[in-house]
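Asker: Residue numbers (the numbering used here), protein chains in the order written: chain P, 1 to 259; chain H, 1 to 259.
Note that these hints are calculated values from the structure, not bench results. Do not take every clue at face value.
[Unchecked claim] Simulated restraints, written as ranges between beta carbons of each label pair:
| no. | chain 1 | residue 1 | chain 2 | residue 2 | range |
| --- | --- | --- | --- | --- | --- |
| 1 | H | Val122 | P | Val196 | 20 to 26 Å |
| 2 | P | Thr24 | H | Val122 | 43 to 49 Å |
| 3 | H | Leu143 | P | Pro177 | 31 to 37 Å |
| 4 | H | Arg22 | P | Ser141 | 37 to 43 Å |
| 5 | P | Gln174 | H | Val122 | 28 to 34 Å |
| 6 | H | Leu126 | P | Gly201 | 27 to 33 Å |
| 7 | P | Arg254 | H | Val147 | 36 to 42 Å |
Virtual Cβ for every residue (Gly too), placed ideally from N, Cα, C.
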Amino acid sequence: MSALSRFRSVALGIAWRNLHNLYTNPALLLPSLLFPLFFLTAFAGGLSRVSGVPGFDFPSGYTAFQYVFVLLQASAFGGVFTGFSIARDFEGGFARRLLLAAPRRSGIVAGYTLAAMTRTVLTGTVVTVVALLAGMQVGGSGIDLFGLALLALLTSAAATLWGTGVAMRVRSMQAAPMIQIPVFLTLFLAPVYVPVDLLAGWISTVATLNPATALLEAGRSFISGAPEGVLLAFGSGIALVAVFGLWALRGLRRAEAAG
Amino acid sequence: MNSKLGTQVAHLAGRSVMRTLRQPAALIFPLAFPMILLAVNAAGLDSAASIPGFPADSYLDFALAVPFMQGALFSAMNAGQDIARDIETGFLSRLSLTPVRGIALLTGQLAGAVAVGAAQAVVYLLVGLIAGVTVQAGIAGALLILVFAMLFCLGFGSLGAFMALRTGSGEAVQGLFPLLFVLLFLSSAFLPRDLIEADWFRTIAGANPVSYLIEAVRSLIVSGWDPETLALGMAITLGIIALALGAASLALQTRLERT
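Please model the complete structure; the sequences and the hints are all you need to start from.
Answerer: Right, dumping it as structure tokens:
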């Protein structure tokens, strides 16, 4: 068996197990499906009047504006929940047995990431269908929407690799807040409710420096059919995946060393 | 007999407070999370204050009422978790063999939750005042806000206690959090009800008791003394307390009979 097929076999095995656990356990599946829908309802329904603020100009409407945030948030939280499942696997002793059994351990990281990205496809589909049923206007073409989907997958991969790195270092469920809070803050320190130009004060500075802003603004430009800042968004997304990929692999080495 | 009950309640309330103080996560998270959300939302939605008819000069003034409600939700979780742990570890069973009256356990636990909730509310109020919020109802209004916050903690803490006594499971209590979170987000927490554009959302917010609790506290901050809003908020708060406390007492009775 070549190194590549050993890697693939471990990655696919891990991904299958993770997805199987998810889809056979409603307590794990339902929150990850319902929370994004709930955020979409609360933000797009409750705050739609915000689109009347002077200077707010988003041609596809407030539902589409919030849909992009909710899609990226759901993708990121799919990664966070996958990080929780790694921590749970360490607490239950499964991860240690896995480290002993896996012929190519980097496949473990790839497997969890693949599971999270697959999860994003399901959650993203559900959120999109509900948003369309709620009357979301889509100005973008098929290619634009494909670009938006790629951004969601990059977000999912980056968040998963971040969560994997933390979970492999802490190796208990105590890692949960350490995984979740930075992701939550990064997302909410982006222009969630209004475009970045309408932010003022400290949040404007923070949002400008926040890589999630590039992803969010490009995603919104895709849905409105006027792509803008695409290179910056994909550059930021790929950079996040690369940095957190190294973080996750170093975490794996730490877990191996801890035995 | 009454003084004995008072002593028992005082001991159990002290135990509840000490228990919270010994778990930094149970103390820091309910303090930090609402303040972070307040900072992020107040900055991100500041431009919403320019919507015609918005009742406050800044969004921060408008949003300061929300942390008091979030603090109460955390109280519900903490009170419920502590009682569930007492059931899971057998403390409640051992307690039932002593002369301690069952009702003392419930009252003591809730008194502890209210004490912690009051301390949290003082912090929220001080942070708001330091950030530049003026309580239009003056010092008496600020004191009434603290009374409301303590009553919210009592009402929602009783709900957490009911869940714990009914199920005996910490996980079931955790399941209450999304429900309470949904109640908060589907209320007038982010915009006044008359400015919510979507009819269906305005209807839900109008039927949601949490809207009236937030509006009572908010009225003291942004508009001064508004007897109608305050009376409605107080009546609903007392109604929640009566219902939740009654349900928790019945659940306690059933559990002690089973024990």
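Asker: All hints are to be evaluated individually against the structure, with a verdict given for each.
Answerer: Hint check results:
1. H:Val122 <-> P:Val196: 20 to 26 Å: violated (35 Å)
2. P:Thr24 <-> H:Val122: 43 to 49 Å: holds (47 Å)
3. H:Leu143 <-> P:Pro177: 31 to 37 Å: Since Leu143 of chain H and Pro177 of chain P have Cβ atoms about 34 Å apart, the given range 31 to 37 Å holds.
4. H:Arg22 <-> P:Ser141: 37 to 43 Å: violated (58 Å)
5. P:Gln174 <-> H:Val122: 28 to 34 Å: holds (29 Å)
6. H:Leu126 <-> P:Gly201: 27 to 33 Å: violated (21 Å)
7. P:Arg254 <-> H:Val147: 36 to 42 Å: violated (50 Å)
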